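2 protein chains.
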Amino acid sequence: MNLPAAALHEPPASAAKLPPSPTSIDAVTRALAASFGNRLVTSLAVRQQHGHTLTWIPNQPPDAVVFPQSTQEVSDIVSLCAVHGVPVIAFGTGTSLEGHVNAPFGGVCIDMSQMKAVIAVHAEDLDCVVQAGVTRKELNEHLRDQGLMFPIDPGADASIGGMAATRASGTNAVRYGTMKDNVLALTAVMADGSIVKTSTRARKTSAGYDLTRLLVGSEGTLGIITEITLKLHGIPEAISAGVCPFPSVKAACDATIITIQSGLPVARIELLDEVMIRGVNIHSKLGLPETVMLFVEFHGTEASVKEQSERFGEIAAEFGGGPFEWATKAEDRSKLWQARHDAYWAARALRPGVESVATDVCVPISQLADCVEETKRDIEASGLIAPIAGHVGDGNFHTQPLVDLTDPEEVARAEAFIERLVKRALAMGGTCTGEHGVGQKKIKYLEAEHGASALVVMRTLKRALDPQNILNPGKILVL
Amino acid sequence: MNLPAAALHEPPASAAKLPPSPTSIDAVTRALAASFGNRLVTSLAVRQQHGHTLTWIPNQPPDAVVFPQSTQEVSDIVSLCAVHGVPVIAFGTGTSLEGHVNAPFGGVCIDMSQMKAVIAVHAEDLDCVVQAGVTRKELNEHLRDQGLMFPIDPGADASIGGMAATRASGTNAVRYGTMKDNVLALTAVMADGSIVKTSTRARKTSAGYDLTRLLVGSEGTLGIITEITLKLHGIPEAISAGVCPFPSVKAACDATIITIQSGLPVARIELLDEVMIRGVNIHSKLGLPETVMLFVEFHGTEASVKEQSERFGEIAAEFGGGPFEWATKAEDRSKLWQARHDAYWAARALRPGVESVATDVCVPISQLADCVEETKRDIEASGLIAPIAGHVGDGNFHTQPLVDLTDPEEVARAEAFIERLVKRALAMGGTCTGEHGVGQKKIKYLEAEHGASALVVMRTLKRALDPQNILNPGKILVL
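Just so you know, the sequences run in chain order A and B.
Numbering-wise, the UniProt record's numbering puts 144 at position 144 of the first sequence, and it's gapless, one number per residue.
Numbering-wise, the UniProt record's numbering puts 260 at position 260 of the second sequence, and it's gapless, one number per residue.
Treat the hints with caution; some may be incorrect.
[Stated by the list, open to error] If you want the ones that stay clear, here's a sample from chain A, every Cβ over 12 Å from chain B, calculated:
| hint | residue |
| --- | --- |
| 1 | Thr29 |
| 2 | Val354 |
| 3 | Leu405 |
| 4 | Ala416 |
[Stated by the list, open to error] Ranges of calculated distance between the beta carbons of each label pair, as one might list FRET restraints:
| hint | chain 1 | residue 1 | chain 2 | residue 2 | range |
| --- | --- | --- | --- | --- | --- |
| 5 | A | His142 | B | Glu325 | 39 to 45 Å |
| 6 | A | Asp370 | B | Gly322 | 30 to 36 Å |
| 7 | B | Ala123 | A | Ser334 | 53 to 59 Å |
| 8 | B | Ile57 | A | Lys250 | 43 to 49 Å |
| 9 | B | Asp145 | A | Pro265 | 48 to 54 Å |
[Stated by the list, open to error] Below, in silico cross-link-like pairs of lysine-lysine (BS3-like), each with a Cα-Cα straight-line distance of 27 Å or less:
| hint | chain 1 | residue 1 | chain 2 | residue 2 |
| --- | --- | --- | --- | --- |
| 10 | A | Lys231 | B | Lys329 |
| 11 | B | Lys250 | B | Lys231 |
| 12 | B | Lys423 | A | Lys423 |
| 13 | B | Lys423 | A | Lys231 |
| 14 | B | Lys197 | A | Lys306 |
| 15 | B | Lys306 | A | Lys17 |
| 16 | B | Lys285 | A | Lys250 |
| 17 | B | Lys197 | A | Lys423 |
| 18 | A | Lys231 | A | Lys197 |
Keep in mind that the hints were calculated from the coordinates and are not lab data.
Since we're looking at a predicted model, the values are computed, not measured.
All residues carry an ideal CB built from backbone N, CA and C; glycine is no exception.
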């Protein structure tokens, strides 16, 4: 009885020819230069800076880089590019990891670094409105006086627009959620240049389709995010943080599962394997024991933080972990978390001179120990150096093979390892990326994860909202 | 420079003629009867039961009601209806409030009440997978032995599928979020009968477009939700609940703002105005003082619940509220929340024999006191009886004019009041519905809330995913 009457996947009626013709590029560049003056840059150096992020994909520079200052200017740029069928790629701070902002078909890179206004802070409502180019550290600097914070912390000092576009999360997500949970509303420029406000400042709504969540995580392929309304949180009255060694990955994961299951509102719970700890010790000049560790943080009142940390200590001990050492001073805590945040660089310290190929997967937490342990065995069997760090409260972990990109055999070995990692995560009911996003490098895994029908729906959405395929083409989906 | 090159709003190429011809209905009904036997019902009584919910919209019965037992059967039904251009309307428990399941163009109602399987409970991962017809109380009954709960509680014992489709929330949302936050993944049948799984059981993902959130809140207009993967929570070790009288709406709202701002993790914080309390006293035989009240609940450990309740008592006292009376026994707590949940019926006790016209709005919490107070003055000036209850931690409140539907003048007066209520909420930065959804009655407010460009995007999505407009036509959007 299965008779598809009106198949969803209609061919794109009006897709632009990619890459665009030199004539189209020329027309767009001239018009932008006339409007934007020296905020339109076509020098090779600047184009190359925008054609490559922290990834092993070769540099793919755009044809021009433009620096708008308002949503209306972004709309003007997109409208112009739409007329000429020229790609537009939004650029935040260039810290994405899977080739999100490289420009495989050239086009115009929209650099958001001059959109830095904190438009409003509504302390009573625990929300704020910012332009897309504000970074998370800049925002927290701005908020501190008011006792407020924006907790989402992917490590890098990424822009809020980029974090929304990649559905970023990081160390605090186990308690505060990801960008999907912390964006109340967006302003975005659609493929025809129209400006859309997706929602209001109300904490919840049932008023129509959730355009906010459709754009969060769409990596600039459905619209260009220009302003974001974010949830904020009060800076906790008390914070306690500490490190706890474990005899094995399994012991650390089991302690994490019980911590989460028992409802302890842990703010951060991070696993670093012994290889990563060795890198951290080198890079951050720490003297941590080189074994599997959990870095943990609790937020609350003095009394509740004390209660939480005692409970966690008991749980850790049950699994052979400990001693659980607390950093009670703010500066010791900062040092600890700085070391965790620097894990990307610490990993590189393990094999100076080669490239780091960071990637991530996420599995149901019950599968985490198995997934990490199998992955470690795989790393060893592959002869790779690849430290592991993970936001284990969410079942999300990263590995970072250190690869000599001039050696094709080693590159192939690393690629094959990542493919096995993704297949392992999918077989365990997980996802090919917990927080890095798809970019170019994870495109090939989406059908295995979501199935053919879901990919048809995703392509249908992309074709409906960007019929010319000019918004960050070549990312997330093959059309 | 604003030259829309590729406008998003293309006309629907293949929209079905609505209502469908008797021949089409006949063909579909015969084919369904052949496949489903006595699970296909066309009696007027059953059709009318499915053509009306708790709303003042007149009964709009479907042409037939079918009771599938699996996702594949739903797919078969939708495929058949797609061939014949016949509308399909998903039906949960019929407790929606804005005319979501009425069938203005006839068609086939898919009643999910025989899809009651709890497919899996993953206690370690704090998630479960259920068929769409499982109700929240049935699920909690199933989970209790394992010390787990599903906290989202809209009052009615709604189906999980219906709650996902309307992006429901309710009393616990201030702590646990809404359906948008608690659905990890969905299985849905799309307009062509294809079956889509939107995501995995991983706690977070950045793997492509967020089809889960696109379907949550789409009210059966983009796909029919058949299975849901839900986040679960451990039943808290300790729960404390109590009631606290306040001298005014403003005092109660101000105490709520400070409670939220200071990071007290309140699980429920509900405002009932003095009119609603009068109804509750009548309906639930309670002897509460007839003034503005907050009903409050805290979840946590014994120590943290004690700390939270003491803090709340201090905050309430600062605003002239109190005394704060605690129900420490589970049975007293149940009685209290049963009374709150019965508010819909309690309100009706204030004017027996007429209809209740429940509606809701949601505003930034800083605007809540003004919005509720202006609304109360408006109620008085309008000569209506309309008690107010609200999930004030989220800025969301309900009012429930009691209206004699046989009196056109009174109906017009109530309609005009609701229109002013919505405009007031929008002017304060809020939304026309916090949790009830759009259905038929809120369609006219969406453009004022979202703007014309956002409505173009919503219509584009609808046309792309349901080119024939057969999925719950006449809801959310005018095409």
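Tested hints:
1. Residue placement check: Thr29/A keeps its beta carbon more than 12 Å from all beta carbons of chain B (closest about 14 Å).
2. Residue placement check: Val354/A keeps its beta carbon more than 12 Å from all beta carbons of chain B (closest about 26 Å).
3. Every CB of chain B is more than 12 Å from the CB of Leu405/A (nearest about 24 Å), matching its label as outside the interface.
4. The beta carbon of Ala416/A is kept farther than 12 Å from every beta carbon of chain B, the shortest such distance being approximately 20 Å.
5. For His142/A and Glu325/B, the hinted distance range of 39 to 45 Å is satisfied, since their beta carbons lie about 42 Å from each other.
6. Taking the beta carbon of each, Asp370/A and Gly322/B are about 53 Å apart, not inside 30 to 36 Å as hinted.
7. Between Ala123/B and Ser334/A the C-beta distance comes to about 37 Å, which lies outside the given range of 53 to 59 Å.
8. Checking the proposed 43 to 49 Å range against Ile57/B and Lys250/A shows it is violated: the Cβ atoms sit about 57 Å from each other.
9. About 24 Å separates the C-beta atoms of Asp145/B and Pro265/A, a value inconsistent with the hinted range of 48 to 54 Å.
10. About 35 Å separates the Cα atoms of Lys231/A and Lys329/B, which puts this hinted pair outside 27 Å; it is violated.
11. For the proposed pair Lys250/B and Lys231/B, the alpha carbon gap of about 35 Å is over 27 Å, so the pair is violated.
12. The hinted pair formed by Lys423/B and Lys423/A fails the criterion: a straight-line CA distance of about 51 Å is larger than 27 Å.
13. As the CA atoms of Lys423/B and Lys231/A are separated by approximately 24 Å, the hinted pair is consistent with the 27 Å bound.
14. For a cut-off of 27 Å, the pair hint linking Lys197/B to Lys306/A is broken: about 42 Å separates their Cα positions.
15. Distance restraint check for Lys306/B and Lys17/A: the Cα-Cα separation of roughly 66 Å exceeds the 27 Å cut-off, and the hinted pair is therefore not satisfied.
16. Of the supplied pair hints, the one linking Lys285/B and Lys250/A is violated, its CA atoms being roughly 55 Å apart against a limit of 27 Å.
17. Note on Lys197/B and Lys423/A: the hinted pairing holds, with a Cα-Cα distance of about 18 Å set against a maximum of 27 Å.
18. Between the alpha carbons of Lys231/A and Lys197/A the distance comes to roughly 16 Å, so the proposed pair stays at or under 27 Å and holds.
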